[in-house]
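Engineer: Sequence:
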Amino acid sequence: MAIKRPILTITLAFVLGEVIAIYAQAALLFVTVLLVLLSFILLLFKNREQKIEKVMLMTLSLCFMVVGYLITEGELSKKKSIDEMNGQTIVVNGEILQITDTKYGFRYKIKTTIENLAENNKRNLKKIKDVNLIFETKEELSVSIGNNVKCKGIINRFDKARNKGNFDSDKYYQSLGMYGEIANCSVEITSNETNLIKQRLYDLKKSYTRQLKKICNDNNVGVFKICNLENGGIIQGILLGNKNDINDDIKSLYQMNGISHILAISGLHISLIGLFVYSLIRKKLKFIPAAFFSISIILLFSMMTGFGVATVRATIMFIMNIAGEVLGRKNDRINAIALAFLLIVCSNPMVIINSGFQMSFAAIIGANFVWKITEKFMDIKGKRWSAFGFSLCITIVMNPIIAWNYYQIPMYSVLLNLIIVPLMGIVIASGFVGLYSSYLFVIIGKITILPACLIIKLYGLLCTIVEHIPFYNMICGKPNIFVVIIYYCTIAGMCIGMKIYLKKSEDKESKKIIPKTGQIVESKKSKKAKKRKIFIKKIIFVFGSFIIITISLFVHIFTGFEVNFLDVGQGDGIAIRTHDAFITVDGGSSDVKNVGKYRIIPFIKYKGIRAIDYAIISHLDNDHVSGVRELLEQSDNGGIKVRNIVLPKLLNKDDEYVEMEKLAHAMGVEVLYLKNGDSIEAGPLKIKCINPDIKNQMDDKNDNSTVLDVKYKNFSMLLTGDISSEVENNIEKNLAQKYTVLKVPHHGSRFSSSEKLLSKVSPKYSVISCGEGNSYGHPHIETIDRLNMHNTEILRTDLIGEIDFRME
Numbered sequence: 081m082a083i084k085r086p087i088l089t090i091t092l093a094f095v096l097g098e099v100i101a102i103y104a105q106a107a108l109l110f111v112t113v114l115l116v117l118l119s120f121i122l123l124l125f126k127n128r129e130q131k132i133e134k135v136m137l138m139t140l141s142l143c144f145m146v147v148g149y150l151i152t153e154g155e156l157s158k159k160k161s162i163d164e165m166n167g168q169t170i171v172v173n174g175e176i177l178q179i180t181d182t183k184y185g186f187r188y189k190i191k192t193t194i195e196n197l198a199e200n201n202k203r204n205l206k207k208i209k210d211v212n213l214i215f216e217t218k219e220e221l222s223v224s225i226g227n228n229v230k231c232k233g234i235i236n237r238f239d240k241a242r243n244k245g246n247f248d249s250d251k252y253y254q255s256l257g258m259y260g261e262i263a264n265c266s267v268e269i270t271s272n273e274t275n276l277i278k279q280r281l282y283d284l285k286k287s288y289t290r291q292l293k294k295i296c297n298d299n300n301v302g303v304f305k306i307c308n309l310e311n312g313g314i315i316q317g318i319l320l321g322n323k324n325d326i327n328d329d330i331k332s333l334y335q336m337n338g339i340s341h342i343l344a345i346s347g348l349h350i351s352l353i354g355l356f357v358y359s360l361i362r363k364k365l366k367f368i369p370a371a372f373f374s375i376s377i378i379l380l381f382s383m384m385t386g387f388g389v390a391t392v393r394a395t396i397m398f399i400m401n402i403a404g405e406v407l408g409r410k411n412d413r414i415n416a417i418a419l420a421f422l423l424i425v426c427s428n429p430m431v432i433i434n435s436g437f438q439m440s441f442a443a444i445i446g447a448n449f450v451w452k453i454t455e456k457f458m459d460i461k462g463k464r465w466s467a468f469g470f471s472l473c474i475t476i477v478m479n480p481i482i483a484w485n486y487y488q489i490p491m492y493s494v495l496l497n498l499i500i501v502p503l504m505g506i507v508i509a510s511g512f513v514g515l516y517s518s519y520l521f522v523i524i525g526k527i528t529i530l531p532a533c534l535i536i537k538l539y540g541l542l543c544t545i546v547e548h549i550p551f552y553n554m555i556c557g558k559p560n561i562f563v564v565i566i567y568y569c570t571i572a573g574m575c576i577g578m579k580i581y582l583k584k585s586e587d588k589e590s591k592k593i594i595p596k597t598g599q600i601v602e603s604k605k606s607k608k609a610k611k612r613k614i615f616i617k618k619i620i621f622v623f624g625s626f627i628i629i630t631i632s633l634f635v636h637i638f639t640g641f642e643v644n645f646l647d648v649g650q651g652d653g654i655a656i657r658t659h660d661a662f663i664t665v666d667g668g669s670s671d672v673k674n675v676g677k678y679r680i681i682p683f684i685k686y687k688g689i690r691a692i693d694y695a696i697i698s699h700l701d702n703d704h705v706s707g708v709r710e711l712l713e714q715s716d717n718g719g720i721k722v723r724n725i726v727l728p729k730l731l732n733k734d735d736e737y738v739e740m741e742k743l744a745h746a747m748g749v750e751v752l753y754l755k756n757g758d759s760i761e762a763g764p765l766k767i768k769c770i771n772p773d774i775k776n777q778m779d780d781k782n783d784n785s786t787v788l789d790v791k792y793k794n795f796s797m798l799l800t801g802d803i804s805s806e807v808e809n810n811i812e813k814n815l816a817q818k819y820t821v822l823k824v825p826h827h828g829s830r831f832s833s834s835e836k837l838l839s840k841v842s843p844k845y846s847v848i849s850c851g852e853g854n855s856y857g858h859p860h861i862e863t864i865d866r867l868n869m870h871n872t873e874i875l876r877t878d879l880i881g882e883i884d885f886r887m888e
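Per my numbering, the very first residue in the sequence shown carries number 81; after that it's consecutive.
Just so you know, not all the hints are guaranteed correct.
Estimated spans, in silico, between C-beta atoms of each pair [said to hold, decoys possible]:
| # | residue 1 | residue 2 | range |
| --- | --- | --- | --- |
| 1 | Glu873 | Ala263 | 30 to 40 Å |
| 2 | Lys584 | Arg723 | 45 to 55 Å |
| 3 | Phe831 | Phe186 | 44 to 54 Å |
| 4 | Pro502 | Gly167 | 27 to 37 Å |
| 5 | Asn411 | Asn324 | 35 to 45 Å |
| 6 | Gly540 | Glu806 | 29 to 39 Å |
| 7 | Ile616 | His548 | 27 to 37 Å |
Below, simulated EDC-like cross-link-like pairs (lysine to aspartate or glutamate); rule was C-alpha separation at most 16 Å, straight line [claimed, not checked]:
| # | residue 1 | residue 2 |
| --- | --- | --- |
| 8 | Lys791 | Asp660 |
| 9 | Lys793 | Asp660 |
| 10 | Lys207 | Asp163 |
| 11 | Lys840 | Glu812 |
| 12 | Lys232 | Glu175 |
| 13 | Lys160 | Asp210 |
| 14 | Lys230 | Asp298 |
| 15 | Lys207 | Glu195 |
| 16 | Lys286 | Asp325 |
| 17 | Lys733 | Asp783 |
| 18 | Lys232 | Glu216 |
| 19 | Lys766 | Glu642 |
| 20 | Lys537 | Glu713 |
| 21 | Lys294 | Asp329 |
| 22 | Lys183 | Glu220 |
| 23 | Lys742 | Asp783 |
| 24 | Lys673 | Asp701 |
| 25 | Lys611 | Asp459 |
| 26 | Lys293 | Asp325 |
| 27 | Lys766 | Asp660 |
| 28 | Lys286 | Asp181 |
| 29 | Lys617 | Asp459 |
| 30 | Lys729 | Glu741 |
| 31 | Lys191 | Glu273 |
| 32 | Lys323 | Asp181 |
| 33 | Lys836 | Asp884 |
| 34 | Lys768 | Glu812 |
| 35 | Lys610 | Asp459 |
| 36 | Lys583 | Glu455 |
| 37 | Lys673 | Asp660 |
| 38 | Lys611 | Glu586 |
Worth flagging that the hints you see were computed from the coordinates, not collected in a lab. Treat the numbers as computed from the prediction; the structure is a model and nothing was measured. Note that CB positions come from ideal geometry on N, CA and C, so glycine has one too.
Turn these sequences into a full structure, and let the hints steer you where they fit.
Structural biologist: Quick look at the structure:
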């Protein structure tokens, strides 16, 4: 296979070099020595031609591995230099590479060489060549793609994920080859030279967007009411890759059901458009002109839609397919996939960490390798079974990548895509016909785009129906890397096993044939029965294997004890996990919008948690409960189940308290109440309530916060809510002498963490949960001084993000 497909071998070698550069630089020497030794071993082969061929391939692979390592190392070095410059004012000259219309304004990508900081900054700086940076503006600037500009502003690295499972902007932009953002950027054009092709395509895309909004808007009436802004936004995403006008709820709906791929410009778009143009021109012209025009149109279309990684992959494979037809050569799909992969990673080595890139290649491998072998092995006849098998094989190959990036798997996407994908051809055709005909008469555009809108409405209806089926989307958590490796090795082993079986079956069939007559010596009846028996065994083997490896993604064996203090901005969010239970304490923020959606829920999914046993709320301030409300609201829609809400037992309930009770009851969640002396136990974990005191309740609801004494074997922790020093003094007699961890009261405010409390609890670690640059001045300098006097290690979420404690 290696000699037959040398491109595949050198592609794998290049990727190995990348992986070594990113994850294990010390391994480069070991792998190099190993490959050199293998080359010497190959010299011992008796067949001289085979010997030379294999040594040459090994040498070439070694070269590509080193090139992969060096290119990736260079990109990582650029990234590190940009990170070191974070917050510095810079002046750079660069070329505008791309302009993107976003929800919040316009994003400009520039390619530049950083040579100096601003004039008033004397820090020395080494020269960084060919760096891609971005800057954003609310209004579109009078610049064109290809213009050279002088930019002055503050260079910032992109935000890293604040908690496990949260979106990592830094990683995402790095995967796109962008390493920093210029904030407060002033722009001056230094050269009006314009890339006419890219600029005209950008203008054309804006024109298409405006035209689609003309024919799909909320002013339409009657039969055209379905051609509304919501469906028009989805059509924009499907035709142009522009997702600005797609409702966030629609994006979430598509993702949860495993059909969000239809919003990406991928192989489906490229093949439909390219082959349509190619076939149309071939009716009048010869191969070469047809190939030239179809490839040109595909390249222009890909450029206009932003050259996403899936688009680039599909474009390269389309060009190879057409080139093969022109040259009269059979296009080897595996070589085409390998070449597309190699070309993309050579231009941007960090793209291998991009989820879209990973899923695009997983899908194409599932379709062209796993499915092709499975189809022959199962001897599948009929379009329906063939379509199901095709969809299943793609899904099976993609599942680990979906689990790795999104921590959940849509269980019915295989069936849903059997309806969704075949109809996409009509959506794309109807969309483009409607778009172009609307330039003549808007009413014609509305009529011709109507089928696309109806089908999109059907998509939404199908997704909504599927959402009401049990287990439609299963949380699996982020799988262990070894589980993923074993998963793919199992698929590879299955494919090899099926190929071996097919080869042996062919040999057996040939032996059954009488050379002279060509007749098979076997009765039809016995042959049919035997064939049915073999088919059942094959089904058990294939589907059994697929089920087992899929289940492996859901298996998470957790032993021991873990506490996570989440970075929720200015607020509190704590998770406690043992083998027996998963408990949260608070979950809210006063400065992070939708903290549940973007910080708390992704963290819980990352951990593979499907249910919260107890969601304890210390008090009902928004910075402690806003995310809990989101958890309750999403639990009704196949999300994380909350079994019990635990509130402080109070005599006087305010409006927020009553609303939380009502919300919990409406969602079918049991409401429990804690007062001093009550406890929650789960195996070795014991959580004792210290406050509130039902007999001595305070006027300030902060002082009625639930205070918890948490013990697990020799680990102890005091969770204090937002109590003041007055309550600290009241509860001091009920506290242990020493604690492993103290959750510093009230985010480190000046009037909490009294000397008396600290002297009593003597914490080894003191955790302060507060927002970066918060307006309250938390933590207060006096509080920090008091903590330092007690030799406790201070850990702050605003400085380091999520804070974890774990016992095996």
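Engineer: Take the C-alpha atoms of lysine 836 and aspartate 884, compute the straight-line distance between them, and say whether it is at most 16 Å.
Structural biologist: violated (27 Å)
Engineer: Sort out whether aspartate 210 lies within 16 Å of lysine 160, counting only the CA atoms.
Structural biologist: Answer holds: lysine 160 to aspartate 210 is near 14 Å, not above 16 Å.
Engineer: For the pair supplied as a hint, lysine 232 and glutamate 216, is the alpha-carbon distance within the 16 Å limit?
Structural biologist: With a Cα-Cα distance of about 13 Å, the restraint between lysine 232 and glutamate 216 holds, given a limit of 16 Å.
Engineer: For the pair supplied as a hint, lysine 768 and glutamate 812, is the alpha-carbon distance within the 16 Å limit?
Structural biologist: holds (14 Å)
Engineer: Return holds or violated for the Cβ distance of proline 502 and glycine 167 against the range 27 to 37 Å.
Structural biologist: Cβ of proline 502 to Cβ of glycine 167: about 52 Å, so the range 27 to 37 Å is violated.
Engineer: With the threshold set at 16 Å, check whether the alpha-carbon distance from lysine 207 to aspartate 163 stays at or below it.
Structural biologist: holds (14 Å)
Engineer: Has the given pair, lysine 293 with aspartate 325, been kept, meaning a C-alpha gap of at most 16 Å?
Structural biologist: holds (10 Å)
Engineer: Against the 16 Å threshold, does the CA-CA distance of lysine 537 and glutamate 713 hold or violate the hint?
Structural biologist: violated (25 Å)
Engineer: Regarding the pair lysine 611 and aspartate 459, is the alpha-carbon distance no greater than 16 Å?
Structural biologist: holds (11 Å)
Engineer: Just to be careful, I want the Cα atoms of lysine 207 and glutamate 195 compared with a cutoff of 16 Å; is the pair within it?
Structural biologist: Cα-Cα ~5 Å, so holds.
Engineer: Taking the beta carbons of glutamate 873 and alanine 263, is their distance inside 30 to 40 Å?
Structural biologist: Holds - the Cβ-Cβ distance for glutamate 873 and alanine 263, about 33 Å, lies within 30 to 40 Å.
Engineer: For the pair supplied as a hint, lysine 286 and aspartate 181, is the alpha-carbon distance within the 16 Å limit?
Structural biologist: holds (9 Å)
Violated hints, listed in ascending order, are 4, 6, 14, 20, 21, 23, 33 and 37; each of the other numbered hints is respected by the structure.
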